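Asker: First to last, the protein sequences are chains P and E.
For the first sequence, my numbering gives the first residue as 1, with consecutive numbering after it.
For the second sequence, my numbering gives the first residue as 111, with consecutive numbering after it.
Hints may contain errors.
[Stated by the list, open to error] Restricting the straight-line Cα-Cα distance to at most 20 Å, the calculated cross-link-like pairs of lysine to any residue (SDA-like) are:
| no. | chain 1 | residue 1 | chain 2 | residue 2 |
| --- | --- | --- | --- | --- |
| 1 | E | 167 | P | 27 |
| 2 | P | 70 | E | 169 |
| 3 | P | 97 | E | 206 |
| 4 | P | 51 | E | 206 |
| 5 | E | 113 | P | 41 |
| 6 | P | 36 | E | 214 |
| 7 | E | 113 | P | 47 |
| 8 | P | 97 | E | 172 |
| 9 | E | 113 | P | 45 |
| 10 | P | 97 | E | 205 |
| 11 | P | 97 | E | 121 |
| 12 | E | 180 | P | 96 |
| 13 | P | 97 | E | 163 |
| 14 | P | 70 | P | 38 |
| 15 | P | 97 | E | 167 |
| 16 | E | 165 | P | 41 |
| 17 | P | 56 | E | 208 |
| 18 | P | 57 | E | 208 |
| 19 | P | 97 | E | 138 |
| 20 | E | 113 | P | 38 |
| 21 | P | 97 | E | 220 |
| 22 | P | 97 | E | 140 |
| 23 | P | 97 | E | 181 |
| 24 | P | 36 | E | 167 |
| 25 | P | 97 | E | 151 |
| 26 | P | 36 | E | 148 |
| 27 | P | 97 | E | 182 |
No lab work stands behind these hints: they were computed from the structure.
Please read these numbers as outputs of a predicted model, since none were measured by experiment.
Here is how the chains run, residue by residue.
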Amino acid sequence: GQQVMQIPQYQHVQEGEDFTTYCNSSTTLSNIQWYKQRPGGHPVFLIQLVKSGEVKKQKRLTFQFGEAKKNSSLHITATQTTDVGTYFCAGRQGAQKLVFGQGTRLTINP
Amino acid sequence: DVKVTQSSRYLVKRTGEKVFLECVQDMDHENMFWYRQDPGLGLRLIYFSYDVKMKEKGDIPEGYSVSREKKERFSLILESASTNQTSMYLCASSLNPGGAFFGQGTRLTVV
Chain P
1 GQQVMQIPQY
11 QHVQEGEDFT
21 TYCNSSTTLS
31 NIQWYKQRPG
41 GHPVFLIQLV
51 KSGEVKKQKR
61 LTFQFGEAKK
71 NSSLHITATQ
81 TTDVGTYFCA
91 GRQGAQKLVF
101 GQGTRLTINP
Chain E
111 DVKVTQSSRY
121 LVKRTGEKVF
131 LECVQDMDHE
141 NMFWYRQDPG
151 LGLRLIYFSY
161 DVKMKEKGDI
171 PEGYSVSREK
181 KERFSLILES
191 ASTNQTSMYL
201 CASSLNPGGA
211 FFGQGTRLTV
221 V
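Taking the hints into account, I'd like the entire structure generated from these sequences.
Answerer: Shown next as structure tokens:
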């Protein structure tokens, strides 16, 4: 079945440093989504990418969808303590099934 | 705002009990999902449903069943709870296509 792999599992940075997490799927995706889960909370939807090669930005966050629609990345510029949490990618195969990666837990030294 | 409500925040059940986890969404979403979340394993899909009475197995359906009799409600059933089903269970709903909205989660402990 479809597998979505995400790396790294953990990332610790100094406040102000950049952060990137990568997501790879074993199959072509119809779209990819990104979520953030704060400690003790539930995942919250951030964004969806649909087109091959698509790049979207939300303030300091940049999301990319690969040309083959099998990989994606999330890059945070100049991290802040409010960025702490676990970031998940999730791939849709077909119209309904939504499969999550293992997540990247980001911690930040102020 | 979309609201996804799970019936319990914490549950403690005994091995062998039949357990029902309920989830209700108020935004008329077609899709509903049940995931379990364990440290280091991310969110693993148990079952999902794309319409009333329709269900599809996810990646780890063994030991679970689901019911969707009404569009807004999606129930997860543990037929005979076991200790390896101790986990955080997350329900979500979404439009087709669209981002998923999650409930607050149910932390289930099976003793």
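Asker: Need the status of pair residue 70/P, residue 38/P: alpha-carbon distance at most 20 Å?
Answerer: The given pair, whose Cα atoms are some 26 Å apart, is violated under the 20 Å limit.
Asker: Does residue 38/P sit within 20 Å of residue 113/E, going by the straight-line distance between their CA atoms?
Answerer: holds, 18 Å
Asker: Between residue 165/E and residue 41/P, does the CA-CA distance stay at or below 20 Å?
Answerer: violated, 27 Å
Asker: Is residue 56/P close enough to residue 208/E, meaning Cα to Cα at most 20 Å?
Answerer: The hint holds at about 16 Å.
Asker: Are the Cα atoms of residue 97/P and residue 163/E separated by 20 Å or less?
Answerer: holds, 16 Å
Asker: Given the hinted pair residue 36/P and residue 148/E, is their Cα-Cα distance within 20 Å?
Answerer: The hint holds at about 16 Å.
Asker: Would the hint linking residue 36/P and residue 214/E be met if the CA-CA limit is 20 Å?
Answerer: Holds - the C-alpha atoms of residue 214/E and residue 36/P are around 14 Å apart, at most 20 Å.
Asker: Would the pair residue 113/E and residue 45/P pass a check requiring their Cα atoms to be no farther apart than 20 Å?
Answerer: With Cα atoms ~13 Å apart, residue 113/E and residue 45/P stay inside 20 Å; holds.
Asker: Just to be careful, I want the Cα atoms of residue 51/P and residue 206/E compared with a cutoff of 20 Å; is the pair within it?
Answerer: holds, 16 Å
Asker: Residue 97/P and residue 140/E were given as a pair; does the straight-line alpha-carbon distance stay at or below 20 Å?
Answerer: Given pair residue 97/P, residue 140/E holds - Cα atoms ~12 Å apart, limit 20 Å.
Asker: Going straight from one Cα to the other, do residue 97/P and residue 151/E come out at no more than 20 Å?
Answerer: Within the cut-off at roughly 18 Å; holds.
Asker: Is residue 36/P within 20 Å of residue 167/E, Cα to Cα?
Answerer: Outside the cut-off at roughly 25 Å; violated.
The structure is inconsistent with the numbered hints 11, 14, 16, 21, 24, although it conforms to all the rest.
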